[in-house]
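With the hints as a guide, bring both chains together as one complex.
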Amino acid sequence: MTTATTTTAGLTRPAVSAREYRAARFTDALRSEWTKARTVPSTWWALVAAVVLGIGLGALISALAAHQYAKGLASARAAWDPTSVSSAGLAIAQLAIGVLGVLIVTSEYSSGAIRTGLTAVPRRGRFLAAKAVVVAGLTFVAVEVTAFTAFFIGQALISGHAPTASLGETDVLRALVGCGLEGALIGLFGLALGGLVRNAAGAITVLVAVLWVLPGVAAALPASIQHPVEKFWPTQAGGQVTDVIRQANTLPAWAGFGVMFLFVAIALSAAFFTLNRRDA
Amino acid sequence: MTHGPAQPPSAGQKIEASHLSKRYGATLAVDDLSFCVNPGVVTGFIGPNGAGKTTTMRMILGLDHPSGGEVTVGGKRYRDLPAPMREVGALIDAKAVHPSRTAHHHLLSLAQSNAISAGRVEEVLGLVGLEAVAGRRVGGFSLGMCQRLGIAAALLGDPPVLMFDEPVNGLDPEGIVWIRQLMRGLAAEGRTVFVSSHLMSEMALTADHLIVIGQGKLLRDEGAGEFVESSAHHWVLVRGARLDRLSAELTGAGAQVRPGVDESLEVAGLDSRAIGELAGAKGLILYELATQHASLEDAFMDLTRDSTDYRASVAA
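Sequence lines, in order, name chains W and D.
Just so we're aligned: 34 in the numbering used here is position 43 of the first sequence, and the numbers increase by one with no gaps anywhere.
So the numbering used here is basically just the index in the second sequence, starting at one, shifted up by 7.
Extracted from the complex, chain D is given alone in its bound form (with noise of 0.2 Å):
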């Protein structure tokens, strides 16, 4: 048997949303939402608490009806697969198990449904490490414990489309590493990975890809890489002898200067290599030149800035 470089399982296991929208009362919680994720990468769905991406999510598993527009897995409608399971694993919901049945049983009552053998209930409990509590209540799992048995819910018909939604909530630091390696896993065996998160940090260590929303519209859809590099302003940390003179040279050769803590300036506009030379020539010492990098939180912070539900008011 040879194994290739991996290959998408089927090809073009592509989420296709195209104009979606979801309104309830009043409120448009998904609006007008076109994207596409795409096989073989981790795609982040990210956008703070309540910007529609749970909804989203639950337009894509056919259990919300869309008010307007459509997406499709494949090019089918969810409810048209022929054994979904097969085409699509989802965690949605970690704790929506009936807590009086055995994670065993759970995942049995799930395999039969979409002609699933029995035989790979016992390969997810171990691949997600719950085999030991296979024949214990759900009722008496840990929010951690849920999360694994859902996760080894949506592998169960080893499917070339896999959805999570926050699946690093609840889950310790080791779970938490556990779970990021598993998604980029996935995805390199050319596998359709579609994940939410509110945590920019955490995107920033799993996503190739970002689908950035706010209250329910599309804000931003590219590499994670220019996602930085688009949205984010870099700065210059600057330190040194004469910064009332520093400031003033640099303004005059176009740079945005202001005032920073202790005694030190932040400098947007021109680079480090630029500002050293500039200092070198007007005879400025300097004692410290450091390039600031915003990260994908500040860029998020930026982006979402204007479209955040819930956000704390802050005294004036």
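Same shape as in the complex, but just chain W (with noise of 0.2 Å):
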């Protein structure tokens, strides 16, 4: 009989070596992510349905509007904000980023390879911040290029027809680099309802009921309830951040993006009490 020199696990060193190792930290788990993230074809087709629809939709809607400018009355004249116009195709494109969010995780739960994740990083806090960190991540670079790309496209497209929007203008910049926020929290919110409900259609139908229906429901209320659901709900009042001018019964830029930023952090918070607490 010879001494094994090759081990069953294919070691090139005998099992009885020390065991010594570093250990795993919060960017291991973010590299984890990151290759999860971008190894299944869900996520760049959600990303290119998210710039597809935003410059397309915020192009044809830019090309429309600006037609309509010279036939407005007064009022729609001086309310004109050929920034939140041109990045108006950004709404629909906030469907495909917060299904993004969802998938993330709820594919995870659908395959079973939750359980793997959880085995591979125990730690329910770290797992769900490196998702967090991914999903902010991607959706922010991809609603920040549909948004510039949009807003070039866009006023070109207005030129000559109506008022056109630069860089250089008050808050200009900050409406469009709060696109970018405003999908982030979106994708964070979408990754949250997955968390939560666990299973991508019961979370894209919350995620739909949240963005529109209910603002959508609102909207046909009374204006005494109609005001302050308008000002406050979350992702109504998040959206202020992306316009220049202020529309009445809105809250200030910031102080919107502030509502949907808490609320964000809250529905994140309760998806990782519950990841925490409940068997995987």
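These are calculated hints, taken from the structure and not from any lab test.
As the structure is a prediction and not an experimental result, all values here were calculated from the model.
Beta carbons: idealized from backbone N, C-alpha and C, even for Gly.
Zero decoy hints are in this set.
Here are the simulated distance ranges between beta carbons:
1) K83(D) x V220(W): 48 to 54 Å
2) N190(W) x R84(D): 27 to 33 Å
3) E129(D) x S101(W): 26 to 32 Å
4) R84(D) x A239(W): 52 to 58 Å
5) G146(D) x V168(W): 36 to 42 Å
6) A209(W) x E129(D): 54 to 60 Å
7) K102(D) x S33(W): 14 to 20 Å
8) A256(W) x G230(D): 52 to 58 Å
9) G133(D) x G128(W): 32 to 38 Å
10) S41(D) x R269(W): 24 to 30 Å
11) S149(D) x S33(W): 21 to 27 Å
12) S208(D) x S101(W): 30 to 36 Å
13) K83(D) x V168(W): 41 to 47 Å
Have a look at this one:
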């Protein structure tokens, strides 16, 4: 009998060797989540949908709105905000962004991969935080690319038909950066919903309800209810940061963003709490 | 470089459960379970389906929260391990992989989470024989390929403790032999190997030590050999002339005798030598005298008969 030189686990050294390794850190979990996000097609489909819809619809809406401008009432001309017109397509892009956040977590529940993931990273807070950073980063970059591209295309289409905006004007840059920030919050809200509901269909339904259906219902109600909802409903309030001209019944840009930020932070905390308490 | 005899990778990497319980509503899936899984041997974790094996393994991995008691690996709770995949490798559910991801990327994401080098991913893919399909999506894998992928993931961190839940499910005969040798080899290196199965016959070929549970309760915790000895009855098959008289003589000598098939007797309480001598002394002719050993399967069936959750009811 010869001495075993190769071990079963295919080690070049014996298993007896000192087991020295460094502890896993947050950055390791982050790298892992980035690999997970970039190696499934659904991530790229959602991002391509967001960018294409955001730019395409933004261009369409810019062209149509610019041609209506001359025929519009004086009040409508006073409220003319060429920056928010060119980024109007982002409302649809946000759905794709929210769905991306949902799928990052629900795809793990539907396949059972969540158990593999939590075995590798058993600290629930680290696990969720790493996902959150990846979702926020991906969605912020995608929405910023969309917002700036849509801005330049939109202003070119508006030019000659209605007043245009330029980056140097007051609050225009803030509004465009705000698009990415709001997009990141919607991605994170999708992530939180995915963690809370644990299934894609349910989480996307809640997402659509919160983003569009409930604010839409409020619009049909008397002004006494409608106005506070418009002002404080998280996704409505968050949208203020993307506008240059402040509309009636709205919070100031950053105050509105703060409301939405707080709302998403609460949703993520709830997601962490359930992830930590429930059996995986 | 010298190679001594296999020693524990790091001394005392035991899995220790102490008064572990898990309640789901009114059902007590795991009931006050205490056991210790030691390095250097393959420990079989057996019980009928629904006995609580998977729940116990999930609690070891920190996936499920115990309703009572605790379980540690190397003295630590799983969640407190600084890099868990370096300490414990586990295969719980082979299909628990995102179907659109390739085998390589699946393993890479796991390796990165525990600061394991990307080179190790290629190594374990080779070890389980999946290098040729590393770039293919897992959704197209057979159950057997998924089992191999799950084993590759368990081996990524070169851990001193390994846990496999029903690892032979879906494997072809060649794969079953492979994993049996793998588990024995891992234990021979001094690792702690904890493997569950509802198939006693499989454990008979692999396990040195057995932890048997039924309805969440610990039934046995002993060596595989002792398990058969202690729970099984040996008996002797006897054929011969004048069986009625032989039966009376054996009963008179203190044996339990019952009629067997095809003109035979099944005798317990006396060994074959004593039976032969008795027959000789009485001038009775024997045609056949054979000791029957109960198998692990028989012992297991005996033990768990009363604790099987889902048993086919036999029409009376």
